[in-house]
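A.B. asks: What follows is the residue order along each chain.
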Amino acid sequence: MNKTLNQKAWFLVLPVLLLVAFSAVIPLMTVVNYSVQDTFGNNQFFWAGLEWFDELINDDRIWDALWRQLMFSAIILCIQVPLGVFVALNMPKKGFWASFCLVVMSLPLLVPWNVVGTIWQIFGRVDIGLLGYTLSSLGIDYNYTSDPLAAWITIIVMDVWHWTSLVALLAYAGLQSIPDAYYQAAKIDQASRWNVFRYIELPKMMGVLMIAILLRFMDSFMIYTEPFVVTGGGPGNSTTLLSIDLVKLALGQFDLGPAAAFSIMYYLVILTISYVFYTVMTNMDKKEG
Amino acid sequence: MEWMAWTWPTAVFFIIIASTLVVFTILAIKFPETPRQGVLGMETTRGDRLFITLLGSAFINLAWLGLVGAHQPYALIVCLVYAIAVFRWV
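Those protein sequences? They're chains A and P, same order as listed.
Heads up: the first sequence begins at 1 in UniProt numbering, then just goes up one per residue.
Heads up: the second sequence begins at 1 in UniProt numbering, then just goes up one per residue.
Simulated from the structure, these hints should not be mistaken for lab results.
Model, not experiment: these values are computed from the prediction.
Worth double-checking, as some hints may not be accurate.
[What the hints assert, rightly or not] Here are the computed distance ranges between Cβ atoms for each label pair:
1. A:Pro203 <-> P:Gln37: 50 to 56 Å
2. P:Ile17 <-> A:Pro203: 57 to 63 Å
3. A:Gly41 <-> P:Arg88: 44 to 50 Å
4. A:Ser274 <-> P:Gln37: 19 to 25 Å
5. A:Ser274 <-> P:Pro9: 50 to 56 Å
6. P:Ser19 <-> A:Gln253: 16 to 22 Å
7. A:Gly252 <-> P:Gln72: 27 to 33 Å
8. A:Ala98 <-> P:Val23: 49 to 55 Å
9. A:Thr225 <-> P:Pro9: 31 to 37 Å
10. A:Asp38 <-> P:Ile17: 21 to 27 Å
11. A:Lys8 <-> P:Gln72: 20 to 26 Å
12. A:Asp38 <-> P:Val68: 36 to 42 Å
13. P:His71 <-> A:Gly41: 46 to 52 Å
14. A:Tyr275 <-> P:Pro9: 46 to 52 Å
[Said to hold, decoys possible] Which residues of chain P face chain A? A few of them, derived with a C-beta cut under 8 Å, are:
15. Ala5
16. Pro9
17. Phe14
18. Ile15
19. Glu33
20. Gln37
21. Met42
22. Phe59
23. Gly69
24. His71
Ideal Cβ placement from N, Cα and C applies to all residues, glycine included.
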């Protein structure tokens, strides 16, 4: 029997298409239009061609911000992923304490980003902050407003505090999905704890871990609010990450053309890395399937 | 449309992108294809190869701007060669 081919169901995605067009595509097109022009306000634009791209690509300031951003993302991934997995492995598997741990782990994720920044900004202050005051009482020279290393440590620890639980919760979900039969087989084979982790838990968690890495990378690569509230990009430019630099350019200096060119290059980097992650994840799924 | 600050070059750019997407959608409907494995060791469809081409072309243009800094239209020739290579081998 021949089935009638009906493509009318595609109309059901029209609302989503319209929503995406208004919220993403049209603003992105506007940014592209801005990136090749200069404006002095009053909605008057002057053609600049590729001048802003040329200026930015040869500007050390952007490259420095990019390296700082990559370093920040690399450091927090190196800490959060192993730490999240470690926490997930040590969480209770069932019962009251499992639910309790899940709630406690979720709490940092519920705190708004600017509040996290404010918490750590006060927490780290040498005069009134618990952390800053304790460290200086112990004779440790810690001042995130004047020492770049202290500023970096503060924003990294803050991010770890805020987001490690996301990795832990995802890893925990991956662990919970492993059938008991795998552990029973490992027990029969007298596999060590390390071998159980290496050959059962880690491969089974790999899918969710890739999602965790992708989410954490994207989020850390676009981070703005928390470090801005704590350090404002300083001391000097030592914690000026890409988004902070972009906001300085767009809103501080009101250079809309260069800021638009900057946004496009920033977007291209994020798009490329997301595509690489997406490809790796889908290839892994296919291999598992 | 004034708030979007349109110019002819950007309009032409978006018309080309939109036309390319429409052509590839029609191709996908009229001539469906199975994914193939290329030199990158991953399965790609025609759409994937178009995406890799467009993304790579953006970086080629930026690299040309940073490294050569003049005669930008020549970067499009490099992009064309790159596109042919992607559609042939990726």
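A.B. asks: For every hint, state whether the structure bears it out.
C.D. replies: Each hint tested on the structure:
1. At roughly 23 Å, the beta-carbon separation of Pro203 of chain A and Gln37 of chain P lies outside the given 50 to 56 Å, and the hint is violated.
2. Between Ile17 of chain P and Pro203 of chain A, the C-beta spacing of about 40 Å breaks the proposed range 57 to 63 Å.
3. Remark: the range hint 44 to 50 Å for Gly41 of chain A to Arg88 of chain P is upheld by a beta-carbon distance near 49 Å.
4. Separated by about 22 Å at the C-beta atoms, Ser274 of chain A and Gln37 of chain P satisfy the suggested range of 19 to 25 Å.
5. The hinted range of 50 to 56 Å is not satisfied by Ser274 of chain A and Pro9 of chain P, whose Cβ atoms lie roughly 28 Å apart.
6. Between Ser19 of chain P and Gln253 of chain A, the C-beta spacing of about 37 Å breaks the proposed range 16 to 22 Å.
7. Between Gly252 of chain A and Gln72 of chain P the C-beta distance comes to about 30 Å, which sits within the given range of 27 to 33 Å.
8. At roughly 54 Å, the beta-carbon separation of Ala98 of chain A and Val23 of chain P lies within the given 49 to 55 Å, and the hint holds.
9. Separation of Thr225 of chain A from Pro9 of chain P is about 35 Å and conforms to the stated range, judged on CB atoms against 31 to 37 Å.
10. Separation of Asp38 of chain A from Ile17 of chain P is about 24 Å and conforms to the stated range, judged on CB atoms against 21 to 27 Å.
11. In this structure the hint that Lys8 of chain A and Gln72 of chain P lie 20 to 26 Å apart at CB is violated, the actual value being about 45 Å.
12. The hinted window of 36 to 42 Å between Asp38 of chain A and Val68 of chain P is violated, with their beta carbons roughly 23 Å apart.
13. For the pair His71 of chain P and Gly41 of chain A, the beta carbons lie near 34 Å from each other, so the given range of 46 to 52 Å is not met.
14. In this structure the supplied range 46 to 52 Å is violated for Tyr275 of chain A paired with Pro9 of chain P, their Cβ-Cβ distance being about 26 Å.
15. Among the interface hints, the one on Ala5 of chain P holds; its C-beta lies about 4 Å from the nearest C-beta in chain A, closer than the 8 Å criterion.
16. A hinted interface residue such as Pro9 of chain P counts as satisfied when its beta carbon comes closer than 8 Å to some beta carbon of chain A; here the least separation is about 7 Å, so the hint holds.
17. Interface hint status for Phe14 of chain P: upheld, as the beta-carbon distance to the closest one in chain A is roughly 6 Å, under 8 Å.
18. Nearest Cβ of chain A to the Cβ of Ile15 of chain P: about 11 Å, over the 8 Å cut. The hint is violated.
19. Violation of the interface hint for Glu33 of chain P is found here, the shortest Cβ-Cβ separation to chain A being roughly 17 Å, above the 8 Å cut-off.
20. For Gln37 of chain P, the interface hint is violated, since its Cβ never comes within 8 Å of a Cβ in chain A; the closest pair sits about 10 Å apart.
21. A hinted interface residue such as Met42 of chain P counts as satisfied when its beta carbon comes closer than 8 Å to some beta carbon of chain A; here the least separation is about 5 Å, so the hint holds.
22. Interface hint at Phe59 of chain P: satisfied, since its Cβ lies 7 Å from the closest Cβ of chain A, which is below the 8 Å cut-off.
23. Because the closest C-beta pair between Gly69 of chain P and chain A is about 7 Å apart, less than 8 Å, the hint holds.
24. For His71 of chain P, the shortest C-beta to C-beta distance to chain A is roughly 12 Å, which exceeds 8 Å, and the interface hint is violated.
The structure does not agree with the numbered hints 1, 2, 5, 6, 11, 12, 13, 14, 18, 19, 20, 24 stated previously, though it agrees with the rest.
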